[in-house]
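With the hints as extra help, turn the sequences into a complete structure.
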Amino acid sequence: MGKHAVAVYYKERKIKKMTKGFRLWNNITGWAVFALSLVVYLMTIEPTVSFWDCGEFILCSYRLEVGHPPGAPFFLLLGRFFTLFAGGDTSRVAMMVNILSAFASAFTILFLFWSITRIVRLATGDDLTVRGGKAIAILASGATGALAYAFSDTFWFSAVEGEVYATSSLFTAAVFWAMLRWYDEADDPHSGRWIILIAYLMGLSIGVHLLNLLALPVIVLIWYFRKYQVTAKGAIWALLAGFLILGVLNFIFVPGVVEVAGWFELFFVNSLGLPYNTGLYIYLLFFTAATVAGIWYSLKKGKRILNFVMTVVAVLMLGYSSFALIIIRANAHPPMNQNDPSDVFSFIYYINRTQYPRAPFLYGHYYSAPVTGIEKKVGGYNKKEGRYVPYYTTEYRYDKRFMTIFPRMYSSEPDHIRQYEYWGKVKGKKVTLRSGDGSEQATIPTFGENLRFFFRYQVGVMYMRYFMWNFSGRQNDVQGNGNVMDGNWISGIPFIDNARLGDQSMLPEENRNNPARNAYFLLPLLAGLAGIWWQYRRDPKGLSLVTVLFLMTGLAIVLYLNQNPSQPRERDYAYAGSFYAFAVWIGMSVMLLYDLLRKVTKEYPAAILPAVLIIAAVPLLMIIRNYDDHDRSDRYTARDIASNYLSSVDQNAVLLTYGDNDSFPLWYIQDVEGYRTDVRVANLSYLQSGFYIETMSRKAWESNALPFTLPPEKYVEGERVQLPVEEIIKEPTPIRKVMEFVGSDDPKAKVDLSGRGDFFNFIPVKEFIVDVDSAHVINTGAVRPYHADRMLRPLIWKFSNSMAIKDDLAVMDFVAGNNWERPLYYSVTVPASTYIGLQDYFILEGMAYRVSPVRIDPPAQGETGMVDTREMYENMMNHFRWGNAEKEGVYLDENNRRMIDVFRRQFARLAIALVEEGDTVRAIAAVEKGLSIVPPEKMPYDYFSSDLAEALALAGKTEEAEKLFREIVANSLASLSFIASLPDRKSYGLDFNASVSLQALIDIYRLATRFGMTELADTASSELNRFYGEVPVR
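Under my numbering, the first residue of the sequence shown carries the number 1, and numbering increases by one thereafter.
The set of hints was computed from the structure by calculation and includes no laboratory data.
None of the values given here were measured: they were computed from a predicted structure.
You can trust all of the hints, since none of them are fake.
Simulated pairs of lysine-lysine, BS3-like, Cα-Cα distance not exceeding 27 Å: (1) Lys699 x Lys714; (2) Lys730 x Lys748; (3) Lys750 x Lys384; (4) Lys714 x Lys377; (5) Lys748 x Lys798; (6) Lys798 x Lys714; (7) Lys714 x Lys750; (8) Lys699 x Lys383; (9) Lys427 x Lys986; (10) Lys957 x Lys938; (11) Lys714 x Lys766; (12) Lys766 x Lys750; (13) Lys400 x Lys429; (14) Lys748 x Lys377; (15) Lys714 x Lys748; (16) Lys377 x Lys750; (17) Lys227 x Lys541; (18) Lys384 x Lys714; (19) Lys730 x Lys798; (20) Lys730 x Lys750; (21) Lys714 x Lys737; (22) Lys938 x Lys963; (23) Lys798 x Lys766; (24) Lys798 x Lys750; (25) Lys233 x Lys541; (26) Lys963 x Lys929; (27) Lys376 x Lys400; (28) Lys986 x Lys425; (29) Lys766 x Lys748; (30) Lys887 x Lys929; (31) Lys541 x Lys599; (32) Lys750 x Lys383; (33) Lys376 x Lys748; (34) Lys748 x Lys384; (35) Lys748 x Lys383.
In structure tokens:
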């Protein structure tokens, strides 16, 4: 071997050793970051179900049931796998699904770390031979950015609960990292394997959440940067190609694969008369054969590009095929079977999310647009007599003068209009709607006002606020809609926060001490901006990649969602990918300091010093600040609150609920933990759909089918959606006869309200007779023996609405067919607008009103129903659980506090009812129980607690009552003082806060006067005079 060969040999060995060294430390550091994140997540994970959609996802994972559209079948399969580790203990199932989120989040952090170190090496021009101080700085960059994201507010929240967003983040991180790996190996003949892997991951991710598809423009841009000579024009075309691929996948491929199956099914069933699903099976065979044939042909003919494309399509479809789970399980008719997507047309309805109204995107109407016409179109198909029969939906046509490109203000709901006009500062221009005297006019917002709403609210409140939560600081955990007291971002720097949000030293103690009040002093933000500057100077191409990812997972979502004001919950989780991208720049701030310090000191200190500084100042600050309000360990409130609702009702009851948080946890505890499976929980919002009424017509666990008098086909989509009440019959009519009339398809039983030949079923009477057999209702428990003297025989039910919608009809039908066999309850959280006149027969027995054919005492103003103190006391005092809410160190966020506040009110109502019955001993016990659920340090006493104090005073505990009254006064005055200190321009949205605090003073003045608390009454009176007129009121 010659000298040259020896030199080459040793040089290659040295390079290999150096490469191995960095790769080894890159892997070790990455897995260390993974382990640290995972340990923290497991320490802070919720041990059971959480509020919102978590209960649904957990039960659907455990039982493989069908959740809300468009489904998350691959997440359910992953969740089902993790539930196997519960070891048969159903109480641990929820925690196992939560652990899935923890692992997914930790792997996201791992891929983020590896992505940062690779992007930094692209910027510095270093390969895997990098060593010394620069290697340490690169590793520190990865650790800093990854850990900053790991302990950011939004991402940590998703990491410890059983929702899809953690797993969705993992897919985004994995495909981004995989594309960077392809970048390294692009010249390898087998580098296409990374693209095939990405396609497969994309297909799988559709079965988790569509957010992952937003990474496609970045992937195409990476491809372009690696394969072509980069020009500005070329980069723009590559970006446009990425948008095109995204659009094709999202708007054509995902729905189109199923839409084409619908064409086949319609042809083979309706045209050829073949059995249901024949067309679907033929389509699947045809598609599979075509794909296999394409791959075979490309291999045989040596067409590499065709083979590559066909393979990508095949693996994409393979991943997408997880949706077969939805159809398979829907045909098994599980207890939760949303939309019943058991055939191709119901599946199209399901995957397209047709039941949810869609916001206009590029072109649409303003909120003030008058309707000029209605168009009918095919909404879908129902099965009938071996064929598919179309049903029709309507779409409004609007006055063209009110149409605009890029419509941002389109909802006609009064609350939305009020906020449009505030955020957009709408003055608009007046136009006459009808000729003549021009008295009827409407306002058309200007396009500038439209854009003002977009920037101020949709970008400012619904994106930048969340962005600053994560990288500057969060004010509190109260949902914000733009007022200065709730849900804003803060910096922790007084002159900045005071200028934006008012004097923070005057905030009520409740706000100042909120566990979610976390200030980072702008350090993560400044670090990210420093990282942007460094990447701009070192690697403009790399900057464009991260910027596209940042924008596509942030502002692009804002544009597409076009959200209305007053969302039911905070939506920061939707933008987690954008915060992921910003964390890349936080990591790069280490490199900026490294470059600066390397000029003035030796290499190793220059690398170590900034690493220590930034790791200490950013991720460490974030974990310290965020730990207490992200620690859900030992919190069982959602599960126990669900059990309390179910414990409030009798055996075999039907419990009507309305929202997510009074339904999903209840379904979870029934379907997973097997608690009170005799009860049928029926969500009134879902009862507006035919599929759900059909589900209620089947047995579920120990609950028999609901005894509707009308068959399910009378409730199918497009039928009996709205029924006007036309009082043709003036006398009360038996409810069964009314249902027979409503269920008739005879044209004589329909009315043409529009004058266009559109005939609707209608209700011909406003008063229904419900028969009551006295012996039967006592025997079934519909009437308690001690209420027998109040029994109504028969019950005359006055329907209180002018229009009945499908859920109203379903309740009427249940009453008609039930004959008082099964108890019917309304949850106390159900809005009064859904009572349809039955509130006149409500008896409160805990967290639910029982519908009973008895004459009730008129309730107090603002209250509903009559209290059954025997049942309610037994339920609330002996059967309710509180999930460690009272325990020190157990964090209660706003959702928990809001749900628990309902219980406080129910204890107050029980106590007052007991006092009225002369039972002061049990009344005092009820108040004490209500006060002990959560200490005031976690939930300060407010206006809604004054009833507890009143009950104490009525029971003779005036000293204790006065003490509680004074706490309420102090808290109310603190709130009023802060609101009064604000200039008018900052008082927006605080009228409710001020009104509640003023009402507390009014009530306490009245009660203090009543109970002889003269000094307290004088205080309340003087403070009322001081603040009334100084604060906005509603």
